Amino acid sequence: MEQQTHKTLYSTHAWIGVISGILLFIVTFSGIPALFDHEIEFWQYPGYGEVANDIHPDDKVFNLEKAVAAAKAVNFDYDNFFIQPASDINNHVILAHFFEDKEPDLRYLDANKYQQFVSSPSELNHLFAHLHTDLHLPNPWGRYLVGLSGMAMLLAIIAGIFIHVKWRKEFVMLRPKRSWRLLLTDQHKLLGLWSLPFTLILAFTGTILGLLGLISPILALAAFNGDVEKATIAVLGPRAEVTGEYSPVYPLNELWQRLEVDLPDTSIELIQVSGLQIRNEDKSQVTDIGGIIKFSGYHKDKLSNLESVTYNLSSGEMIHQGSFIGKGPFQRIFAAVTPLHYVLFGNTWLKVFYALSALAACGLILTGNMLWLNRRGHSMEHWLSKLTLGACGGLVVSTGLTFFSSQLLYAFKFSADSHLHHHIEEWVFWLSWGVILLMPFVYQNGFKLSHYLLRLTSFSLFATLLADGVINQRWLWLTNGWVFNVQMGILFSAILFIYLDWKMPKEAKSKNENSTTSNLQQSA
Amino acid sequence: MHLINRIFDNNISKNAAAIFGALITTIALTVCITLIWPFGDRIEKIFAGGTFFFVFWASLFYWAILAKNGVVAWSRILIIFFPVLAINIFSLFFNL
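Sequence lines, in order, name chains A and B.
For this note's numbering, add 1183 to where a residue sits in the first sequence, where the first one is 1.
For this note's numbering, add 1 to where a residue sits in the second sequence, where the first one is 1.
Take these hints with a grain of salt, some might be off.
No farther apart than 30 Å at their CA atoms in a straight line, the calculated lysine-lysine pairs in the DSS-like style are these [stated by the list, open to error]:
{"hint": "1", "chain 1": "A", "residue 1": "K1285", "chain 2": "A", "residue 2": "K1596"}
{"hint": "2", "chain 1": "B", "residue 1": "K69", "chain 2": "A", "residue 2": "K1349"}
{"hint": "3", "chain 1": "B", "residue 1": "K69", "chain 2": "A", "residue 2": "K1285"}
Interface residues of chain B toward chain A, partial, derived using beta-carbon atoms under 8 Å [as the list claims (entries may be wrong)]:
{"hint": "4", "residue": "V32"}
{"hint": "5", "residue": "T35"}
{"hint": "6", "residue": "E45"}
{"hint": "7", "residue": "I66"}
Stretches of chain A that chain B covers, calculated by requiring three or more beta carbons in the stretch to come under 8 Å of a beta carbon on chain B [said to hold, decoys possible]:
{"hint": "8", "stretch": "1185-1195"}
{"hint": "9", "stretch": "1555-1568"}
No lab work stands behind these hints, which were simulated from the structure alone.
Here the structure is a predicted model, which means the values were calculated and not measured.
Beta carbons are placed, not taken as given, at the ideal position from N, Cα and C, and that holds for glycine.
With the hints as constraints, model all of the structure from the sequences given.
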């Protein structure tokens, strides 16, 4: 490679990293709890575990007619609503209706008796999932920003591949006793190389997920004369057409059984019901003759989460089948995007591997920023260094503190309807992040502050387990299943932060200091 | 002429070509690929365009940024943009 090309690629890699680094860290780090969204949701509310304990695995067979009847029994009277059957983790059925201008109406039914129970007062999982997908910004701008950060990551990775020509050597090179800059360089290359396949997949799939809304009109312009609605229907299936004429509902459990033929080897994640109504006179179920029921989910063996089939609610006739299995290569690529990004394949250990790789990517971003500053002769006093420490370190600490507060708040027994529990969680998260963001600008010793932040994160994670034991009686040695798995994840994270605190240098060693020390050692 | 040369022949111009020029050309290329992709049905064409969008964007970005100066960068972008735009106009408005 020509020297000028190498120089340009190097400079592009560095500038993209520095400009998008902090945003990328926020998206990547929040992706770790977002990856375990369902697991954390199950752990965060002890009530879900109690419901699960009451259910025998044989009783967990989903009954669609019972679910719809239960919806009407709890006055969930919407023409258009969604049902989420119980999954391997959460043993409850969720009913959902989405409004355009306010929060959705969500109801939780146990997966055995289909009786409504009090939902979780905590929304810890949503807090991190929403940060990862939308940065808590208005829709769709947050999503676009996340997509653009994915694109920046992709561009930085491409340049990174070409500028690191001695990759065989860099795969195993770590010189912890040399200067601060060499340590950062080695760590940056080591983390980058080992996590390369993972970061490449995540950046590519994340960019597609983030920017899909932005490119959809372009694609629709070409294929459907700009009609996005028409393009959406062609890909995802039709919507209900309200006619005002009603007829009895086709037996829903029969449709559920037909899925074994129409949508084989598919885990149904969502059922959309449109046009169903309850007749006031005899409380019987009727449907608009244009009403539909749509089943969608992901294939159990192949990488596709866009499998769907739509039936007419009145006649039971199949009106659309959207399967991407066996289709053209580009449809299969798109169908694989979400499973690849959110690990909808493999087992829990694969998710753990993804989480560790995401952590490595976070280290990659941080070392990249610090290296850029160090090579320009800037120390921890530079404003970008302080901002990086405040924003990135702040997010890590506030995540730990929010986990802790989420369990501690159960001592106050706030009801789900009061929304106090999750509002306080949000306050703890934003306030602690905001305070720590400012800390490096007040407390000048960045190295010492980094150690304090690592210790505080570790302490808050240990405190989370303690609070869970004292308040909810869920001590680590008494729990099992997903609650135990999540608690082990928290324990592992707490130990990891202690380890990082132990291994991180107390101050930046310069090249000269090292050579002086080695000279002294030689003369001695 | 000297002023025009100065505007186009610098790093800011090169970066603008890599960021904005590449994006606009990518959009034109995506529409073009979606229109003329010869394999599969209409849905396959949409997804072919969607996948290539990111490949084009990254490729054009680096093609422009690795140019010697702004003029070369813009030349590289526009040499793709205009023919693709012509194909799009003919395909969309004249159904060719």
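Violated hints, by number in ascending order, as checked against the structure: 3, 9
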